[in-house]
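Peer 1: Based on these hints, arrange chains B and C on the given structure of chain A.
Residue numbers (numbering that gives the first Met the number 0), protein chains in the order written: chain A, 0 to 161; chain B, 0 to 123; chain C, 0 to 92.
Think of the hints as simulated: they come from the structure by calculation, not from any bench.
The beta-carbon is built from N, C-alpha and C at its ideal position, and this holds for glycine as well.
Each hint should be verified, as a subset may be incorrect.
[Said to hold, decoys possible] Covered by chain B, according to a simulated footprint, are these stretches of chain C (three or more residues, beta-carbon under 8 angstroms):
no. : stretch
1   : 23-32
2   : 35-41
3   : 65-75
Residue strings, one per chain:
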Amino acid sequence: MSRRLPNPWLIAALVLLWLLLNESLSPGHLLLGTLVALIAAKGLAALRPLPLRIRLSRAIPRLAIAVFADIVRSNLAVARIILFPATRPRASGFVNLPIDMRSRYGLAMLAIIITATPGTLWMRHDPARRTVLIHVLDLIDEEALIALIKTRYERLLMDIFE
Amino acid sequence: MIQAPDLPAWAAIIVAFLVLLGAAVTLIGSVGLLRLGSFYQRAHAPTLGTTAGVACILVASALCFSVLQARPVLHEILIALFVTATTPVTLMLLARAALYRDREEQAAAEAAGTRKEGDADLPA
Amino acid sequence: MTTLLLALAITTAQVLLGLAMACAAWRLARGPRAQDRVLGLDALYVNAMLLLLSFGIQTGRTLYFEAALVIALLGFASTVALAKFLMRGEVIE
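One chain only, chain A, in its complex shape:
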């Protein structure tokens, strides 16, 4: 296990983090950052993380644009609900979202996306029944919401991670 090659994505991300934190591109910091990243990746390998495969495709920018647009839109929607109580939803509630994705990294990304979008909150993933419990602030149409999440995010995430 200790002989395994540490995850190259993780090392690249850690080096980038180090350079950002020190605001420098000097060879010294590059070297030091790589050293720190290697040691940290070695330490993290002891946790036996699942192998990560990312498929670089057009799905990544499409997902980024979709998430950005949805975050802006739902920020406005939630701000309206807070500021004008007349538009306050009478029906906020829990939704069981059936999920086909199996990749843990994809599920983690989906959790971040759903929670970062104001108005939806990821609560629990049930791997046995393959559902995700979500709380929705403004629950108008449950079916439409499920269809939206599945077509807009889940398919793109499956393209990237599976």
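Peer 2: Chains B and C alone, transformed into the frame defined by chain A:
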């Protein structure tokens, strides 16, 4: 204490707009914390501050320091990454803790025979 | 002229963020239940982090950035610990 860095006009206007917008959105989110009715509804309110609020003020800060120091200052990305990665974890744990506590309470109320109407909306 | 405008904008933003912190602190103090208080604490530290960043813009010093980073790290750890505590009654199982 009114003071501000000496920025060129275009940068000053963009920074002023972004800082004000970010602060206003964050305030709306925190007001929602007061005004929304139940815990699960309130849990949605702070995400306004952690998405739009944080993004606006971080972009303003990055722009301000980049112009001041005449080189790209990008370490604000670190805070953005960190906040984006951690907010779901805290909110998910908190919501699950709340659900757990509500279920316990409901079970206790059922056992005591004092179950109220309208408590039934917890998911199985 | 634009510097004065920027100064006014930043000061106004700081007042708004202060009010936001007051809202979060109210939720922290009044509850009604423990999970509401933790939610208030969570919002409070995010708002404090933003306030520090606005001080950084105002003074042009990068020192505030590092303080904001530390607040974000510590706030996350403490909220997670509190949420774990609410769920199980202990932090480390």
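Peer 1: Would you check chain B against the stretch 35-41 of chain C, counting CB to CB pairs closer than 8 angstroms, and say if three or more residues qualify?
Peer 2: Held - the stretch 35-41 of chain C has 5 residues with a Cβ nearer than 8 angstroms to chain B, which meets the minimum of three.
Peer 1: State whether the coverage of the stretch 23-32 of chain C by chain B holds or is violated, taking the criterion as 3 or more residues with Cβ-Cβ distances under 8 angstroms.
Peer 2: The restraint on the stretch 23-32 of chain C holds, since 4 of its residues have a Cβ under 8 angstroms from chain B and three suffice.
Peer 1: Do at least three Cβ atoms from the stretch 65-75 of chain C come closer than 8 angstroms to Cβ atoms of chain B?
Peer 2: It holds: at least three residues are needed, and the stretch 65-75 of chain C offers 5 whose Cβ sits within less than 8 angstroms of chain B.
The structure is consistent with each of the numbered hints, conforming to all of them.
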